[in-house]
Amino acid sequence: MSDLTADPRLVGARVAPKKGLRLSWSDPLFRAIVWQVVIVGAVVALVWYLVGNTNRNLAARHIATGFAFLQRVAGIPIGESPIAYDPAVNTYGTALLIGILNTLRVAAVGIVLATILGTLIGIGRLSGNWLLARLTSFYVETLRDIPLLLQLFFWYSILQALPPPRQAWHIGDLLYLSNRGARYQQLTWGPAYSWALGGFVVGLIATIICSRVIRRRQDQTGQRMPLWPFGLLFMVALPLAIWALLGAPFQPDVPVLRGFNYQGGGAVSPEYFALLVGLVTYTAAYIAEIVRSGILAVPQGQWEAAGALGLHRRRILTRIVLPQALRVIIPPMTSQYLNITKNSSLAVAIGFQDIVSIAYTTLNQTGQAIEGVAIIMAVYLTISLSISLFMNWYNARIALVER
Amino acid sequence: MRCSMTLCFGTLFAGLLLAGSQPASAQGSGSATLDAARGRGQVLCGISGQVPGFSLPDSQGVMRGIDADSCRAVTAAALGDVNKVKFVITTTQNRFTNLQSGEIDMLSRSTTWTLGREGNLGLEFAWVNYYDGTGFLVKAATGVKSAKEMDGATICVQPGTSTELAINDYYRLNNMKFTPILIQDLSELQGAFLSGRCDAYSTDASALATFRFSQGPKAQDLVLLPEIISKEPLGVMVRKGDDKWFDLVRWTFIAMITAEEKGITSQNIDSFTSSTDPDIRRLLGVEGDMGKALGVDNKWAYNVIKQVGNFGEVWDRNITPMGVKRGINNIWTKGGLQYAPPIR
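Same order as they appear, the protein sequences are chains A and B.
Take 1 as the starting number for the first sequence in my numbering and just add one per residue.
Take 1 as the starting number for the second sequence in my numbering and just add one per residue.
Simulated from the structure, these hints should not be mistaken for lab results.
Treat each hint with caution, since some may be false.
What the hints assert, rightly or not - Pairwise CB distance ranges, derived in the manner of DEER restraints:
1. A:86 with B:103: 35 to 41 Å
2. B:326 with A:259: 50 to 56 Å
3. A:323 with B:57: 47 to 53 Å
4. A:38 with B:103: 33 to 39 Å
5. A:86 with B:145: 34 to 40 Å
6. A:86 with B:149: 38 to 44 Å
7. B:145 with A:332: 55 to 61 Å
8. B:343 with A:40: 58 to 64 Å
To be verified - Covered stretches of chain B, going by a simulated chain A footprint (3 or more residues, C-beta under 8 Å):
9. 35-49
10. 155-166
11. 239-250
Beta carbons: idealized from backbone N, C-alpha and C, even for Gly.
Looking at chain A on its own, in the form it has when it is part of the complex (with noise of 0.2 Å):
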């Protein structure tokens, strides 16, 4: 708004008068500085008096202090590491560390499963097929009922319900499954595969370039070419013929029964699954209400005239309705993404060593529990501040850029 459209008789009242800085309790602005120091001098001695209360107390009962643990030898043993781990050897920093990039691993995938999940029973839910959309609802009201952890009880007491390893149910020497979790086939990696992997990701960006020109095409002329064949020669015919000149190399890593349980092959084990299971269904139906409340935020208009051109209920949904229900939808999902990922904490209950795991047995063997709950705060503000940065940045990317 410029001055030149303001009404004349109010831009005396707008302005308020310039005065210096009077020193009395009159002046709003040095009443408004004085409150602000006291205030910042109330939490900056409270702090301090909390950070040296704590300091005395814990030299009174010789509590040993500080983060010279991370380095020493930790000697606790971890069920499962995406890393490898040896607990005569790697250090305390290490063993944080496997919990830290546990709790990603069920949080990441955990995140894409439920928002997956989620979004179908949440569409379910608004389907006019009747037994549809009354199942999907009896599914959101019955595990957004039921506590979390119960329902992770659940899923592990089921996976231990499986037979032993020696009657394993499997198909053929693809899958085993018994009561130590999931051990599948799986291919030994060699150089060959590493290149058909590049070979993929040059003919991925092969093909993205390839939609570019056939959209700029048909923005031009109107003609529409299939975009397909692109893709079949750059993603799956350039990496094929990458392996098959390296000499077409095929070792099956087959799990073997061996001992105790099986060896060889991909494992998944049943914490780890139990848990993501819980959290991915759980969370699932908190994420169909959300994505059920945002296409009902589009206006009913927007289908009609959807209708009206002539497109078919499912290109509405994923050209017009979808696309505008994101802006309802993105701000509450990040909560939901921040709550998957603190509620994998629960892994405790069911044995998965995730970060406040190891950090728990961290600060009982060690007996440092300020440093260990430190560790564990900043592990959940990093990633919690991380998922937030990111859904905020891309909830501005597709709010409604207004011309």
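With chain A held as given, fit chain B onto it using these hints.
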């Protein structure tokens, strides 16, 4: 309004500053812990509440076990009445923090006495109430006869315990590998073992024996392996920095062992009050002022023995029914390790 807000901030500040400089109570027994216990009329004692023979509520909800009775004995010595004990359930992971932060006065939770714990945690072991060692429990169906056959096994163990360190050392020493399943809640962990998630369940051999016993007829399906892979002296802990309280806890146990040596039980104690044995007269507070030296009533040991019993009675009441032999836990005159320094 403005003035009242100033006032409000002022009082807040004053409150904070005062809270920081609160002096320790000038009068009393010289033990802050004992004074606090007297003030509230309760001794707060951390236990597990899940291990039969050590601490587990019976069908009437009364906490039973050697750890629970250790709490009762100290309460009787400190306050003169066993009923003034308050049991606080702790886990393997929060037990030390609870004691450090003063939420409990003592910890009696099958906790192993180690250098690391005494050196780093700001806690002290007052007495060993059970000499134990780490063992393995397996299912008979697996056919495993020795811990040496357990290479590659999955083992259920509680996190934050000395057991997990002991297994680690044992496997390292014998060049074997194992997969740990670490669950904090004991019943959840035992459930995982019984369902077959783990090949073995490992903890102190005493707890394994009592767990096996608690399975009733199914006990035959479970085998305790012969190897005891570590020393686990289980003891009672207190905070560092309150030596008077430490003394009281330690001498409570010594009094119970002395009573067993002298044949004094909760049943016959009153017939000993007229004894001419100077040791007994000092123990029961008829002569001397041993109680005053500890900062408690002179009949402290009498109260302990009368209300809880001597060390052998506590054992017989709690551990014998589980089918565990006393062995090294006997008093020294019967070939065990429990040796009581003189009360004089």
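Now the hints, each set against the structure:
Distance hint for residue 86 of chain A and residue 103 of chain B: a CB-CB separation of about 36 Å, consistent with the stated range 35 to 41 Å. Between residue 326 of chain B and residue 259 of chain A the C-beta distance comes to about 37 Å, which lies outside the given range of 50 to 56 Å. Range check, residue 323 of chain A to residue 57 of chain B: about 59 Å between beta-carbon atoms, so the 47 to 53 Å window is missed. The beta-carbon spacing between residue 38 of chain A and residue 103 of chain B, approximately 35 Å, falls within the hinted interval of 33 to 39 Å.
Taking the beta carbon of each, residue 86 of chain A and residue 145 of chain B are about 28 Å apart, not inside 34 to 40 Å as hinted. The given range of 38 to 44 Å is broken by residue 86 of chain A and residue 149 of chain B, whose C-beta atoms sit roughly 22 Å from each other. A beta carbon spacing of about 59 Å between residue 145 of chain B and residue 332 of chain A agrees with the range 55 to 61 Å that was offered as a hint. The hint said 58 to 64 Å for the Cβ distance between residue 343 of chain B and residue 40 of chain A, and at roughly 60 Å that hint holds.
With a cut-off of 8 Å between beta carbons, the region 35-49 of chain B has 0 residues touching chain A; three or more are needed, and the interface restraint is violated. Coverage of the region 155-166 of chain B by chain A holds in this model, with 5 residues showing a Cβ closer than 8 Å to a Cβ of that chain against a need of three. Counting residues of the region 239-250 of chain B whose CB lies closer than 8 Å to any CB of chain A gives 3, which reaches the minimum of 3, so the coverage claim holds.
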